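Trainee: Chain residues, written in single-letter form:
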Amino acid sequence: MILEARDVGFRYPSGAPVLDGVSFGVTPGRSVALVGESAAGKTTLLRLLLGLRRPTSGSVLFQDAPLPTGHRAARDFRRHVQTVFQDPYSSLDPRQKVSRIVAEPLRALGFTDHAPRVSAALSAVGLPVDAADRYPHEFSGGQRQRIAIARAIAVEPTVLLADEPVSALDVTTKVRIIDLLAELRATRGLTLVLVSHDLAAVASLCDETVVLERGRVVEQGPTGAVLGSPQDAYTRRLIASIPRLP
Amino acid sequence: MSLLTVSDLTVSTADGRTLVDGLSFSIAKGHRLGLIGESGSGKSLTALAVTGLLPPGLRASGTVLLDGTPVIGANERSLNRLRGRVAAVVFQEPSTALDPLMRLGNQVAEPLRRHQGLRGAALRAAVASALEEVALPARVAHAYPHEVSGGQRQRAAIAMALACRPALLIADEPTTALDVTVQAEVLALLDRLVAAHDMALLFVSHDLAVVGKVTDEVVVLSSGRAVRTGPLRAILADPQDDYTAALVASARRLDEALGGAL
Amino acid sequence: MRRRVFLIAGIVLVALVVGIALVSLFWTPFPAADTTGGRLEGPGAHHLLGTDKLGRDLLTRLMIGARIAVAVGLGAVALGAVVGGVAGLLAGFANRWLDDTLAALLDILIAFPTLLLAMLVVAARGASLGSAIVAIGLAMSAIVARLTRVLVKRVLAMDYVTLARTSGVSWPRIVTAHVLPNIWPTMAVNLALQFGLAVLAEASLSYLGLGPPPPNASWGRLLQEAQSTVLTAPIGAIAPGVLLVVLVVGVNLLADGLRDVADPTRRGHR
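Protein chains in written order, with the UniProt record's numbering: chain A, 1 to 246; chain B, 1 to 262; chain C, 1 to 270.
Think of the hints as simulated: they come from the structure by calculation, not from any bench.
Values in this document were obtained by computation on a predicted structure and should not be read as measured data.
Every residue, glycine too, gets a C-beta built ideally from N, C-alpha and C.
There may be inaccurate statements among the hints.
Claimed, not checked - Which residues of chain A face chain B? A partial, calculated answer using Cβ under 8 Å: (1) 38; (2) 60; (3) 170; (4) 172; (5) 204; (6) 237; (7) 239; (8) 241.
Use the sequences and the hints to build the structure in full.
Mentor: This is how it looks when you write it as structure tokens:
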């Protein structure tokens, strides 16, 4: 397991548990989807996996060791695990040029060869090299999401945590970004953890699926099995709710 | 005569950019039409222009006839007579469409008071039946918007829109902000209520599959122009123009990925 | 284009007043305490703008007043920005308990009338230019702190800050790379507004006799002194009033213009 949640629970000091006994893991090079609707605890789980918060019970493991605490100690983990978020507007600092945005993890994680890595990352996501000198507002939503992905892969991480990366996009753009993520996975052997409520994206990208409802795992297994013959009542209801083309 | 006739509708900004460009369509009483487009296609502006609700700074030209009354150039007073009674709107974001400081019951009561002059016990009874119609428990009347779920808020917004039995319901991405399971419930509710009251429906969405749940007649918008008009099934089978073809191909890709897994 | 015109107008107006203030450091038509002129002379060749009721040269007094206005504006804004900015930044980052405490404290400070604060400072330190700056700057810092706190919280909620954290960017670096650049445009416009208010506040303090003592007359004191003779010698009231307006309007135009020039998302728009 490269990244694993082991019996993870989380609750705020005053309140019901947000997560309760969540266990799943992803092996290197594989992809797993965390599926659920609002209040499923997806966002909290993501923050725990990123080490931005500590679980109140259980543990999150990276390469079979608990996530390091402390800024310095976490460096190796941060170098291996990068993130893409849903909102391509909130993800990019409007006052920084694309070159600076993409170089941020390089700078923070002690890389020295910024310029070639920024160009390589931009071209890997299909953006022109001159994109580096422009500001985020000069790009469309889909292009912004490409910039966010370029930023994430600039340090050549082993794991990409993507939080609803295509949910805010138009359908034609959505398909292109899904293709891009699939290509990056294939060419770089990236491990992908996809947090999403969009089962079409999940079916396109993920080997395995974990279904969360109200902070608990209700079902998990190979994506084909979970979506194809769901055992849990909630999973069945979720699948039946998806509008299909006539 | 059509309930809603839009001909050569053009919406432009003060500095001359055209956002909706020569759009024409009509909806007969009791009929439904889907307006499909991606972001920037002008679909939401069209929905706003039809009820005279364009934000300041935007100018509409052309003709919009709502139940025979011209909307473009009409004053607020005559528009207010149309809104709610002839046409009512449900927006994407129920949390901004509702007043956060007002109990939901009072918000549903507002159009009933204004348009039908109901007061006291009659008003309370009408509010109760309006909430019952959208399958909301009676206690929701006493709740503030933040105290109920997103799905319940959207149901309350629908109850408000339907309170005065408009001849035309305009729904602008009414389920986009909702969870998938809630979306399915709200779509079924809209479908049922529009049919039960013989209302016309203008349904605005970016999602072909969602539109397909409530109507088969659609207009595909791209950059403010209607690029394709006709039955959804026919368009899916033979998209013709490049834009619609790309849109359909993308939607099919996602649908097939799902179909393959299910 | 129109924005550029505003920016240039702002630069010209501010430069005019600052220029006058700078020149006054080296040269004024008459010494500040010179009372050799006639009483309430009208504008003429000898006294360009005339004299006041003690026979002092009005132009000389206006030039010294410009110096005081600029000093009070800059001094109070610097004090307010540093004290308020740091407090607001701390509150923006603080946990809930500390944040609530700081917010309550700020509300009390803001509710405290500037005038009362000024009287306390003057009582403690005596009436002087420094006292005026300290009093006005402290009153301002509460307002600046509250604004900073809100702006910081808004930036910290953005995904790019979370992404920076997940990329191992340290908190101090997040502040300098993301927080400060994103709160600065709003801060700058607000500080310009505060600059104008500070100059006006000093004028009212002087008007009430709480400002710098004579012969260093600020524009507020000039206005006060001209009050009794405003009908016979209106220029004594008009001239400082006009300069006050020129400075306040100029600073606001300048700040608006600088914000637009510094903001990449506004560049290239009208």
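Trainee: All the hints need checking, so say for each whether the structure fits it.
Mentor: Structure-based check of each hint:
no., hint, verdict
1, 38, "6 Å, holds"
2, 60, "26 Å, violated"
3, 170, "4 Å, holds"
4, 172, "4 Å, holds"
5, 204, "4 Å, holds"
6, 237, "6 Å, holds"
7, 239, "7 Å, holds"
8, 241, "4 Å, holds"
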